[in-house]
Every structure is written in structure tokens, then in C-alpha cells.
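Build out the structure end to end from the sequences listed, making use of the hints.
Residues per chain, in single letters:
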Amino acid sequence: MSDERTTARRAGEGDILAELEAEVAHELEEQRPPAGGPTYQVVAALVTLAVGLVGAVLAQGYGLGSLSRPGPGLWPMVVSVVIVVLSLALLLVGRGLDDSERFSRASVLPLVGVATFIALAFLIPTLGFELPALGLCVVWLRFLGGESWRSTIVVSLGTVAAFYALFLYGLRIPLPHLF
Amino acid sequence: MDAFLDGFSVVTQPGNLLYCLIGVLIGMLIGVLPGLGPAATMAILLPIVVTVDPVAAVIMLAGIYYGAQYGGTITSVLLRLPGEASSVVTVFDGFALAKQGKAGTALGIAAVGSFVGATVSIVALSLTAPIVAGWALDFGPAEYAALALLGVLLIATIGSGHPVKALIAASIGLLLATVGRDSFNNSQRFTFDSLQLADGLDFVVVAMGLFGVGEILYNLEERHGKVHVPAAVANIWPSRKELKQATPAIGRGSLIGFFLGVLPGGGAVMASLAAYATEKRVSKTPERFGRGAIEGVAAPETANNAAATSSFIPLLTLGIPANASMGMLFAALLVLGITPGPQLLEERPDLFWGVVNSMYIGNLLLLVLSLPLVGIFVRILRVRPAILAPITALITILGVYTINNSVFDIFVMIAFGILGYLMKKVGFEPGPMVLAFVLGALLENNVRRALLIFEGDPTGFVTRPISGTILALFLVAAVFPVVQAVRRRRAATTVPDETTQREDVLR
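Listed in order, the protein sequences are those of chains R and S. So for the first sequence, our numbering puts the first residue at 1; every next one is plus one. So for the second sequence, our numbering puts the first residue at 1; every next one is plus one.
Note that these hints are calculated values from the structure, not bench results. Mixed in with the good hints there might be a few duds.
To be verified - Example chain R residues on the side facing chain S (calculated, C-beta under 7 Å, incomplete): (1) Leu20; (2) Tyr62; (3) Leu64; (4) Trp75; (5) Leu86; (6) Leu88; (7) Ala106; (8) Gly113; (9) Ala115; (10) Leu120; (11) Gly128.
Stated by the list, open to error - Distance ranges between label pairs, derived from CB positions: (12) Glu287(S) x Tyr169(R): 55 to 63 Å; (13) Val54(R) x Asn405(S): 31 to 39 Å; (14) Ala165(R) x Leu5(S): 37 to 45 Å; (15) Pro176(R) x Val368(S): 41 to 49 Å; (16) Ala198(S) x Pro38(R): 36 to 44 Å; (17) Leu88(R) x Val486(S): 15 to 23 Å; (18) Leu53(R) x Thr191(S): 46 to 54 Å; (19) Val93(R) x Ile453(S): 32 to 40 Å; (20) Thr39(R) x Gly134(S): 49 to 57 Å.
What the hints assert, rightly or not - Some residues of chain S that are not near chain R, with every Cβ distance over 12 Å (derived): (21) Gly15; (22) Ser126; (23) Gly134; (24) Phe190; (25) Trp237; (26) Arg252; (27) Arg288; (28) Gly337; (29) Ile338; (30) Glu347; (31) Asp350; (32) Leu369; (33) Pro372; (34) Val378; (35) Thr463; (36) Ala477.
Just so it is clear, the structure is predicted and the values come from calculations on it, not from any experiment. The C-beta atom is built at its ideal place from N, Cα and C for all residues, glycine as well.
Encoded structure:
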């Protein structure tokens with residue numbers, strides 16, 4: 001009996017870490033949206049494959065040189081070939097992976113977020129940072145975060161004022177500003 | 001020795017002490033809040049931090065990193081919600097203890113363990129780092145190329161995520177590093193005739209995009225809106241019996257953490273897992289684990305702090321960042337005009353010892369602060385993530401703009417932010433890409449320099465003893481995961497037998 005137990009325990013020893021990893025993965029999974037499925041994996045692998053192929057073609061154009069006199073294209077070529085090989089491997093083995101996340105209606109939120117980032121990039125040089133920053137706060141708090149108007153206004157004004165003080169007075173970093 | 005003591009006088013300058021304190025407080029804060037990790041926080045704050053004195057900046061960034069390890073514990077124990085990945089295993093026993101009304105004990109043991117683990121690790125770092133740095137001074141291009149290659153591989157395969165995907169991400173990072181003027185003959189690569197790209201992509205901008213903006217966008221979609229009721233915290237001082245019970249676990253955790261932390265890609269997450277697994281293995285009563293074993297909290301929390309500390313070794317002695325957060329520190333040093341590497345210790349002893357010794361003080365601050373401040377941090381948890389989101393968004397945009405006063409940088413950052421978000425959606429970790437990007441120029445330059453020295457004979461890499469050994473390690477590291485995957489697959493097919501066997505044993 002004791003013999004059986006030690007062998008069973010020994011067999012199990014290497015697995016404790018693997019078991020633990022699975023448990024941790026499960027623990028984290030509860031907070032994650034549903035997996036995306038094979039299409040996501042295939043598309044991702046095709047994109048990286050394309051990156052590798054384009055990289056290889058461009059690298060060829062830069063001149064490979066020789067091993068004793070490496071040209072500017074040699075290293076990018078090596079890296080691009082590695083990307084192509086790995087992407088092909090991913091196409092083969094990756095179909096069944098469940099580490100992607102499906103895009104859902106909530107994915108519109110990051111899209112709006114990106115739009116505000118871009119708007120800020122365009123507006124800061126011409127308008128100064130205060131008003132665009134205020135706008136970003138309002139959009140993020142009220143529309144992306146679902147805060148009440150009251151807390152939106154309080155937090156937005158407070159944030160912009162704090163940034164004004166921090167950058168222009170605290171750190172003395174010149175930011176384009178209106179006031 | 002003198003330099004070591006001078007380091008303390010550097011840290012105890014009031015300004016540096018203040019930045020150390022700010023660093024560890026920010027670290028604890030983001031450790032408590034789910035969402036932004038230490039690497040993302042360091043990325044976001046980088047442009048602001050580098051406007052202060054270099055030593056203070058690095059001390060503060062380091063503080064953010066190890067402070068986050070303390071903060072992550074609090075939410076794991078009280079809410080069953082790990083603030084940091086390295087605190088996930090703490091959830092099992094920590095939350096079980098909290099349910100038994102022993103949340104305070106768990107937090108107390110974790111704080112003590114964290115402090116001991118970190119301190120053991122700093123002492124070991126203080127002793128070994130000068131030796132490693134001295135040894136590495138003899139490294140030539142071949143050795144550096146081999147070391148960087150090993151670093152990239154380990155970062156990709158040991159870290160979380162699918163290894164093939166991580167390697168693809170790392171390779172693309174290497175390719176991105178070649179954008180701009182070729183340093184050997186000034187020809188343009190991947191610039192598409194853009195003047196702004198001629199100088200290459202700015203590492204800080206790329207990292208802020210992939211880590212910072214990518215994570216902010218990702219968090220916008222993920223709802224953290226659930227309301228959690230934290231467990232009550234009563235007595236935070238563990239009893240003598242509990243301390244005695246946890247002592248061996250803390251000792252083993254310190255050692256495991258130190259050694260795993262040195263490995264590129266290893267770091268805190270793996271150390272906490274390995275330490276927990278070890279405790280369960282050596283325990284005479286493994287069934288207590290998961291039901292509130294004090295060792296189950298002590299071991300991983302000790303190990304993750306020890307690992308967080310020892311992961312500074314490869315960066316400070318070899319100039320190779322071991323994980324994403326160290327990558328950000330690497331970036332900060334570069335921005336400040338300091339090249340991390342074996343020469344750092346000789347050229348900037350004030351910085352080297354200032355940073356190392358700030359960790360003694362920082363951990364002491366954390367030990368003293370973490371327990372009394374638990375109540376405040378619990379209250380901070382009630383601040384809705386929606387309120388913090390626009391603040392972090394603004395810090396990134398304004399911060400990146402101030403680096404070069406360039407709107408182009410904002411757009412580059414946004415582009416990499418979108419990339420980072422999409423990568424996360426399809427299961428690619430941005431970490432390996434950023435780290436490979438950091439090491440890319442180093443790797444390419446040294447490979448090419450070595451090839452020139454070897455007159456085009458690539459066997460030179462293998463026949464030189466040190467680079468040959470490193471490349472042999474590289475092979476082992478590359479083959480090992482494949483072997484393991486095959487074994488696991490084989491094991492998976494025999495799983496049904498195994499479980500019945502276990503039931504037999506239990507009976």
C-alpha cells in the first residue's frame with residue numbers, strides 16, 4: 001500500500017506545477033470574455049506571415065551582402081525568414097488555441113477611445129492641451145465609463161487643473177496651452 | 001565597499017528618499033488596482049520621470065516595480081482578485097484564510113515574507129552583481145550576440161502565452177528594431193522615405209503604445225465594474241506559532257525567487273508558482289493547501305519579491321533586461337544617456353549602488369507602510385476604474401508629446417497602442433515584442449561585428465568557449481518546451497487512468 005502511494009506521489013510530483021498552472025489559468029479565465037475560435041488564430045497567423053514575407057522582399061532589396069561583409073538587408077532577411085517559418089507553424093498548430101477573445105459590442109468602446117486619442121493629437125498643437133483634454137475626460141467618463149454628469153464634470157475639471165499645475169508649474173515641461 | 005556605503009549616502013539624500021517613497025507608493029497603488037501592471041505604469045510615467053535627476057528617476061521606477069509586488073497581495077487576499085499576475089497563487093490560500101477571519105494574518109505573513117525575500121535577494125545581488133559585471137567586461141561581440149539571443153528566446157518561451165506566438169511577437173520586435181538608418185553604412189531600412197522614421201522608432205514611444213495605450217484600450221472593453229466587498233481585516237500581526245510555521249516556507253521562497261528571478265523571462269510570476277508548488281510538495285499535509293495554509297501565502301509572496309529584486313541583476317550587470325518591467329528601466333537609462341551593461345558599475349557607481357541600496361530602504365518603507373495602510377488601499381478599491389481611465393489616457397498622450405515635442409510621436413504611440421490591443425485580443429503578449437525591440441539593435445550590431453571579426457565564418461560563435469556555452473544553453477532552452485509539450489500531450493492521453501489510480505490511493 002505504502003509502495004503504491006509513493007509511486008503515485010512520484011508520478012504526481014512533476015504535475016503539481018502543471019496542475020497549478022491550469023488552476024491559475026482557470027482562475028483568470030473567469031474574468032475573460034469568450035474565446036474567438038479558429039478564424040481569429042488563422043487570420044492572426046496570416047497577418048504575421050504577410051509581415052514576414054514583406055520583410056523578406058524588402059530586405060532582399062536592401063542588399064544581403066555576404067557573411068564576411070554583411071549588407072544592411074542580411075539581418076532583416078534572417079529575422080523575416082524566422083517570422084515566416086514560425087507563422088507557418090502557427091497556422092498548423094494554432095487552430096485549436098483558445099487564447100483569443102471575441103470582438104463584441106463592447107469592442108466599440110476602445111474604438112471610440114482611439115478616436116479621442118487621434119483627435120487630441122490633432123488638436124493639441126493648435127488649441128493647446130486644456131480644452132481637448134477636457135473633452136477627452138468628458139467622453140471617457142460620461143460615455144465610455146457611464147459616470148453621472150455631476151461626477152463627470154467634477155472629475156474632468158479637477159483632472160485638467162491638476163495636469164495644468166503638474167506639467168506647467170510642477171515639472172516645468174512646456175506643453176502648448178491656451179491660458 | 002566604499003562605493004557600497006556611498007550608495008547609502010546617495011539614497012538618504014532627502015530628494016532621493018522622497019522619490020523612493022513616491023515610487024513604492026505608486027507601485028503599491030497600481031498593485032492594488034487591477035488593470036495596469038508595473039511595466040505599463042513605468043511606460044506611462046517614463047517621459048515625466050526622466051525630467052528629474054537620473055538617479056532619482058531610476059530609484060523611483062524601481063520602487064514602482066517592487067512596490068507592485070506588495071500591493072498585488074492585498075487584493076488577492078481580501079477580494080480573491082489578484083492585482084498582479086505574480087499574486088495569483090496567493091489567492092488560493094490567502095482568500096481561504098480571509099474567509100476564516102484571518103485576512104490580517106495572511107497579509108501580515110505576506111508582508112514579512114516579502115520583506116525577508118526581497119532583503120535576502122538584495123544582499124545576494126550586492127554580493128554577486130559586481131562579480132558578474134567584472135566577468136562580463138571581457139565579453140566580445142560574439143558573447144553579447146549569444147547572450148541577447150538567449151535572452152530573447154527565454155523571454156519568449158518562459159513567459160505566459162503560447163511559445164510560438166511569443167516567438168513570432170519577439171521576431172517582429174527584432175524586425176521593428178531595424179527600422180531607420182543602418183548604423184554600419186547609413187542606408188535606410190523600412191523607412192518608406194519618411195524623414196521621421198529615418199532615426200528609427202523611439203523605444204519609449206513604442207513601449208508606451210504597446211504597454212500603456214494597448215492596456216488602456218483593452219481595459220476599456222473589459223468590464224471591471226463588479227462591486228466587491230472586501231473581507232474584514234482584524235489583527236494583522238501573525239502569532240509566534242504562525243511565524244514559526246511559515247519560516248521554512250519563507251526561506252525556501254527566498255532562494256527559489258532569487259534564482260528564478262535572474263533568468264530572463266522568469267521573474268516574479270514563475271517564482272511564485274514554483275515556490276507554492278515546492279511547499280505543497282514538501283509538506284507533510286499537502287491537503288491543507290488551498291484551504292488556508294499559511295505556507296501557501298508565505299512562499300509565493302516571498303518568492304515573487306525575491307525574484308523581482310534579483311531580476312535587476314541581468315540588467316545592471318549585462319545590460320540584458322529580464323522582463324518587461326526591466327525593459328522599461330533599460331529604456332529609462334537609455335533616455336537618461338546611460339548605457340546599462342558591465343561598465344555601469346565602474347562608470348556610474350553612484351547610480352548602481354544608489355539604486356541597489358534604495359531597494360533596502362524601499363522594502364523597509366513597504367514593510368512599515370503596507371500594514372497600516374491596508375485600510376486606505378481597501379478604500380481606494382472603491383474608486384471606480386472609469387474615473388482612473390481618462391487620467392491614465394491623458395498622462396500617456398501628454399507624456400509622449402513632451403519627449404520630443406512631436407505630434408508624430410503621438411501617432412506612432414497610437415498605432416502601437418492599436419497593435420497592442422489587437423495582439424491581446426488574438427492571444428499575443430506584447431511583452432516579448434517590446435523586449436526583443438530593446439535588444440534588437442544590440443543583437444544585430446554584435447552579430448555583424450562578430451561576423452566581421454570571424455571573417456564571415458559563423459562557426460566562430462560556437463568555438464569560442466563562452467559564446468559556445470551560451471548557444472548550447474540556447475539550444476536546450478529551445479528544445480525543452482517542445483519535449484515538454486510532447487510529454488504533456490502523452491500524459492493527457494493517459495489522464496483517465498491516473499485519476500482512477502489516485503482515487504484508489506485515497507481510499
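Taking the hints in turn, this is what the structure says about them:
no. : hint                              : result
1   : Leu20                             : holds (6 Å)
2   : Tyr62                             : holds (6 Å)
3   : Leu64                             : violated (12 Å)
4   : Trp75                             : holds (5 Å)
5   : Leu86                             : holds (5 Å)
6   : Leu88                             : violated (10 Å)
7   : Ala106                            : holds (5 Å)
8   : Gly113                            : holds (5 Å)
9   : Ala115                            : violated (10 Å)
10  : Leu120                            : holds (5 Å)
11  : Gly128                            : violated (12 Å)
12  : Glu287(S) x Tyr169(R): 55 to 63 Å : holds (60 Å)
13  : Val54(R) x Asn405(S): 31 to 39 Å  : holds (32 Å)
14  : Ala165(R) x Leu5(S): 37 to 45 Å   : holds (39 Å)
15  : Pro176(R) x Val368(S): 41 to 49 Å : holds (42 Å)
16  : Ala198(S) x Pro38(R): 36 to 44 Å  : holds (41 Å)
17  : Leu88(R) x Val486(S): 15 to 23 Å  : holds (19 Å)
18  : Leu53(R) x Thr191(S): 46 to 54 Å  : violated (19 Å)
19  : Val93(R) x Ile453(S): 32 to 40 Å  : holds (39 Å)
20  : Thr39(R) x Gly134(S): 49 to 57 Å  : holds (54 Å)
21  : Gly15                             : holds (14 Å)
22  : Ser126                            : holds (30 Å)
23  : Gly134                            : holds (30 Å)
24  : Phe190                            : violated (6 Å)
25  : Trp237                            : holds (29 Å)
26  : Arg252                            : holds (15 Å)
27  : Arg288                            : holds (15 Å)
28  : Gly337                            : holds (18 Å)
29  : Ile338                            : holds (21 Å)
30  : Glu347                            : holds (28 Å)
31  : Asp350                            : holds (23 Å)
32  : Leu369                            : holds (23 Å)
33  : Pro372                            : holds (26 Å)
34  : Val378                            : holds (20 Å)
35  : Thr463                            : holds (15 Å)
36  : Ala477                            : holds (16 Å)
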